[in-house]
Structure formats: structure tokens, C-alpha cells
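This is what each chain is made of:
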Amino acid sequence: MKESSVKKPKKLLTQSKKDHISAYLYISPFFLLFAVFGVFPILFTAYISFHKWDILGTKEFVGLTNYQWLLTDPLFWKALGNTMSIWVMSTIPQLTLALVLAFVLNQALLKGRHFFRLAVFLPNITSVVAVAIVFDAIFGQHYGIINYLLSLVGVEPINWKASVLGTHVAISTMVIWRWVGYNSIIYLAALQSIPKDLYEAATIDGANKIQQFLFVTIPMIRPMIIFTVILSTIGGMQIFAEPQTFSGMGGGAVNQGLTLTLYLYEEAFLRNSFGYASAIAWLLFLIIVLFSLLNLFVTRKIKSAD
Amino acid sequence: MDRVWRKWVIGSACAASVLMMSACGGGEEKVEDGQVELTIWLWKSMGIESLIEQYAEEHDIKVNIQIADFNDVHTNLTTALAAGSGAPDISAVEVKGIDRMKANPDHFHNLFDYGGAEAEGDYLDWKWQQALSIDGEYLLGLPTDIGPQALAYRVDLFEESGLPTDREEVAEQLQTWDDFIAAGEIVKEKTGKAFLPNPGNMYAVMEGQGDAKYFDAEGNIIVQDNPAITRAYDYAMEMIDKGLTTNMEDGSTEWSAGLVNGDFATVVAPAWRMTQIQESAPDAAGLWDITQIPEGSGNMGGSFLTVPKESKHPQEAYDLIEWVLAPEQQLTVFRELGNFPSTPSVYDSEELVNYTSEYFNDAPVGKIYSEAAERVTPILEGPESIQIEKILGDAVTRVQDGQDTPESSWDAAMKSLEREIGR
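Heads up: the protein sequence lines correspond to chains A and B, in order. Heads up: the first sequence begins at 1 in our numbering, then just goes up one per residue. Heads up: the second sequence begins at 1 in our numbering, then just goes up one per residue.
Warning: the hint list may mix true and false statements.
Said to hold, decoys possible - DSSO-like, lysine-lysine: derived pairs with alpha carbons at most 30 Å apart:
#1 A:LYS52 x B:LYS415
#2 A:LYS59 x B:LYS390
#3 B:LYS309 x A:LYS78
#4 A:LYS59 x B:LYS309
#5 B:LYS390 x A:LYS78
#6 A:LYS78 x A:LYS52
#7 A:LYS209 x A:LYS59
#8 B:LYS367 x A:LYS59
#9 B:LYS102 x A:LYS59
Claimed, not checked - Sample of chain A residues facing chain B (criterion: CB under 10 Å; computed from the structure):
#10 GLY144
#11 GLN256
#12 ASN272
FYI, nobody ran anything at the bench for these hints, they're computed from the structure. Keep in mind the model is a prediction, meaning the values are calculated, not measured. Glycine included, each C-beta is placed from N, C-alpha and C at the ideal position.
Isolated chain A (complex conformation) (with noise of 0.2 Å):
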């Protein structure tokens, strides 16, 4: 190899042509890959979203019908409901709650710290299916723990299938339970990088635990909260194996658990309308742009405050 570069003075490629070329060969997995399984299916849903096709026989083109049928579908409303209501109520007390546990974790104080900070984790990488069985159990009328507990301080045995608002509780605890862990290691991180004489300075100040956490924490690690905000957006308006295991088909008798994923994939794995489906997750995608635009627009504005 030596010798040849040597005696050829003359190269095919110069070096530097030939490290561009390497670069590009080296990054290109990720663009094919992305090209086949990312780009290819969004444009493809697109085209799909102009069709009634039922997978198996000829696409008939419709133009914008589905999209005219969508907007008037009061299913897809409630799915829409469904989902916003199911995120809020899961979203915000899962964020309080791991910023809460992260701060325990981080205390200096507390006993066999590794194993808790394992153990919050540990319902994240449980199954989602198994779970919602678990949960499907909790949440019995007739036999389920939660309505044993309520007996004991006289309280008669809800149905928590049959109502809107039961089912979304059931629905938000399991979410809740998953990625409280999630969130409050991402928190841990963040606090153990705060550094230590700020809270120095504030102990000097006169400031209590409680003013340390609200006026040094918080700020500190207010980048991690916005992005666990984000990430629980997007995670929430996809929600999907937890209403399908409770709830079951179309979302229960009164689509009380029908998210707009579960919607999505019922048009097009049990009606095989997969035209009509395809014009759901467009507009599924274009509601999640509109929520982290106001997740940027509400960021700034904070950033701006100070």
C-alpha cells in the first residue's frame, strides 16, 4: 500500500475529495434509513389521505372528502376530547409528582438512594400491556382493590369502565405510574448538576428548604422541564395501548376511552378505511405542531420574563 501511493503520482481522488466522500458514506445509513422508513411513509399517508382505499382493492381518488368527513365526525371530536382531557389529567400531576420524588432522591440524607432511584424506573420498561391487565384488575368493580379501599371508608363501588370521567382516571393513573420514574431521573440529573454554592448562598440569605426549592431549583433546571413538557405533549396525544387494553374496541360503549390513535387505527386495521385514517394522523400531526409551537411560544415567554 505504501509503495503504490508512492510510485503513483498521479491520484484518482485527492484526499480531501475522497474524505468528503467517506463522510457522506458514513452518515448515509441514517438518511437511507430515514429516507425509506421516515420520509417515504409521511408522504405516502399524505397521497393515501386523497383516497378511499381499503388496502386490498383499487384506490378511488376523493380529493379532500375525508378531510370535509373528518371535520364533521363527532367521533373524531371526542377522540380529540378524549385525548386532551386524558393528557391534562395525567400530564400535570406526573410532572409535580417527579420533580417532587426527584428532589427526595437527591437528598443527601436518604437511605439505599441507588435502589430507589433503580426502583422508580422500573415501571417504565414493564410492558404496557401488562400493565393495563394489572390496572384493568385494580380498576374491577366488583373485585378490584381501589373499590375495596373506597368500601372501607364507605364509599359505594364506582364502575370505572362505564364513565367518561372513571375511565379517564383509570387511563391517567396508568400513565402516571409509568413515567413518573422517566421524568424524575431525567430531574435527578438535572439537580445533581446545580452547583452547590448557589444553595450555599441562599442558606446565608436566610432562605428555607421550601424558597431554595422554588427560587433556586426550579429556574435551574426549567430547560429539563420544558423538555419533559414536550416530550409528555407528544407522548399524550399518541396515547394509544393503555384506552385500547381498558377499554377495549371503539373505546368502550360510550367511546369514553377512544383516543385519537386508537381512532386511527380502528379506521384502518378494523374498517380498513385506510384513506380516512391517513387524513387522521395529517391532522393528528398537524394538532401535535400546534401544540409544541405553543410549547415554544409559552417557553420564550418565560425565558423573557427574567
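On the provided structure of chain A, position chain B as indicated by the hints.
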């Protein structure tokens, strides 16, 4: 320089092959020494895995049985057929699923081309009709089991209520659905227990007991005008109103607990539900017995084995399913699992007639279900039956759950139905 170029070539070839593998992994068939390999998709509790393996061993075929959830098998098959790759050599399809495939039969091998016509005489005629395309030219699959309906009842609760406990006498007492409700009221009064786990359990049978269900023979939707359906709805409403039903969903955890604790006195049970009951409530052995349901039986579920067009070995696949679904083999499955044969020639066989279930109080379930099978009036399911069944079932559930009144729940269902058909 040569070696540098070779490196590039080998490198990019590797990268390309990695991409290829990730893009179309699993699509290739590995054939060792010319041996045929068949991929087979089934769901749980079909009970034919060991038969397939036995056949494969005897015929020197390699089989790759893949078990998934019931719904996933149908979803995956639809997707694979549409994509034109990834479909198995043999796939199970349920009766409602096969009705949807009939619009596009060319996704499957026509089993008439591989000797399907000879098997016709083995199967119940109505079950055979379900496997044919609309014009009758195409045989999409061979029938597995059927789900004739019978009634499981709790002996201790019947005794406590002063009702007969002998299965013949119970059938005698419960000749009509009016008798059924009357017996439910007695149980309610004497024991305080419900009569059925949920109203849908009875509703689903009753709506199929007429000459037609959702579709007429021409394929028109007749839900609104079908007296069998409105009657079934009214009876379900009456049972809810009298407090004879509870809200334990079939197959749920609560349902299993209810089976053991005797929270309800009867369960309408297609043959395959015997297995479900035994597995969900092993502690209730000997407490349940089985008899006939009022006003004739009905069929719920039952499946077919199909050979998707992509299979390169349709003859081998057909030979396998023909053997696995032959009368003797179906009898074996029944003995092991309770899935009831679709082959009438075994209904009179000693083995079936004398077969009793220890779990169900030594009831001669073979005899009971073959009688039930003969009482089945075949009805057309139709391509949208899954959605329609769901819409009507929800209407009943809403009232049971106290979310709606009978009239307004029915109106809501009719509105959903119009939307469903309108699309």
C-alpha cells in the same frame, strides 16, 4: 490502490446488504436439502399445533408455526397481502374476517385447484358456503371448528332457588326466553344473584336466532327492520330493568372471579367457551353444568385455514390443511380443547356421543353440542358484521352501565349505523 478500491467495494456491499436485510428481513424462505418449509399463522387455543407437527414429521415437511393474538393475525395478514410480501403459506381466518376477504379472493390460492371439491362432503353445508366467494367459483379456505351455542348453568344456585338441576329438566323449564327471564327472577329473589354475567351474552345469541341477522340474502343491511334484532334488544332491556344481569365482560378478570364465586347463574356458551371457562375458573370445577339454550341454538365464531397467494407450495399447504381438518383430526381437537367439529360425520361417533366433561359436572358435552349444532339456523354474517355487532352491543352496554335509556341508546346506535354504512 487496488486494495483500497476493493475495501470500498466490499465496504459498500456490506452496507448495502445490511440495508437489504433490515428492509426485507424474514421475507426469504430457507429450504434445506429441497425440504419444503411452510409458515403457518394461528392464534391461541386453536388446538391444531400438535396435529400440524405430527403431519409435518410424517411427510418430511418443515413447519414454522407462528402464534399471535386473534386480532393481530387478521391485521398482519391484511397488511402482508396488501404489501405483497410477508404472508405465510397458511393462515387462519375467522368467519367474519373471511367475509371481508371475499371482495378480493385473488389474494388467496383457490383451493378448488388443489382438490378442494373432494372435501366438500366432509363439512356442514352452511359452514362450507361461508368459505366460498360470492360467485361460488373460489374456495378460500377449509373450515376448522364451529361455535354452536349451549347454556352453562350453576347447579348450586339453581338448587338454592328451587329450580330443577338435572340438565334435561332445565332445558324443559327454559324453553323460551320468557321462561329464561322468569327463572332469572326466581334466582334473583331467592339468592340475590344475577342470572347472566352481562346482557350482551344473551343479546348476541338472540339476534342471530331469526332467519337472517344484519344482512338479507342479497347483501342488503336489514338491521332496522329485522324483528329478531328488535326482539333481542327488548329482552335484553327487560333483563337489565329487572336487575338480572351484571356488567362482567366475557373473558375479563371480573368474569373469572364471578364464575368461581357464583355471581351469575348462567352463561351462554359456544363450544369453544368451555375451554375459556375451565381455564379462567379452574376452582369452579363441578359447579357448572351444560344444557340447551331456549328457542334453538346459534353459531358464534369458528374459523378457516387459508392459503395466501404468495405461498410457493400451495399443494403441500393444501394437503396439510386437508389432513389437519379432516373429521378424525377435528374429533381429536374437540376431545382436547372443546372446539367443536365442523364435520357432521363424527357427530354420531361413539367417541363424541360418549364424551363427558368432568369440569362440567360430567355433562355429555359431545352429545349436547352436536344436538346444538343441528339446531343452528345458518345465517349470513356479511362483510361489515364486526362493526355492526359492536354498534348494537354498545347500545346494550350503555343501558346496562346506566349511561343511557333504552330508547335513546337504540336511536344512537341507529345513527352510528347510518354513518357506518354511509361511508
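A quick look at each hint next to the structure:
1. A:LYS52 x B:LYS415: Holds - the C-alpha atoms of LYS415 (chain B) and LYS52 (chain A) are around 22 Å apart, at most 30 Å.
2. A:LYS59 x B:LYS390: Holds. LYS59 (chain A) to LYS390 (chain B) sits at ~27 Å (cutoff 30 Å).
3. B:LYS309 x A:LYS78: Judged against 30 Å, a Cα distance of about 40 Å means the pair is violated.
4. A:LYS59 x B:LYS309: Within the cut-off at roughly 21 Å; holds.
5. B:LYS390 x A:LYS78: Satisfied, since the Cα-Cα distance of roughly 18 Å is no more than 30 Å.
6. A:LYS78 x A:LYS52: Status holds; Cα separation ~23 Å.
7. A:LYS209 x A:LYS59: Since the Cα atoms of LYS209 (chain A) and LYS59 (chain A) sit roughly 65 Å apart, the hinted pair is violated (cutoff 30 Å).
8. B:LYS367 x A:LYS59: The given pair, whose Cα atoms are some 50 Å apart, is violated under the 30 Å limit.
9. B:LYS102 x A:LYS59: Judged against 30 Å, a Cα distance of about 17 Å means the pair holds.
10. GLY144: holds (8 Å)
11. GLN256: holds (9 Å)
12. ASN272: holds (7 Å)
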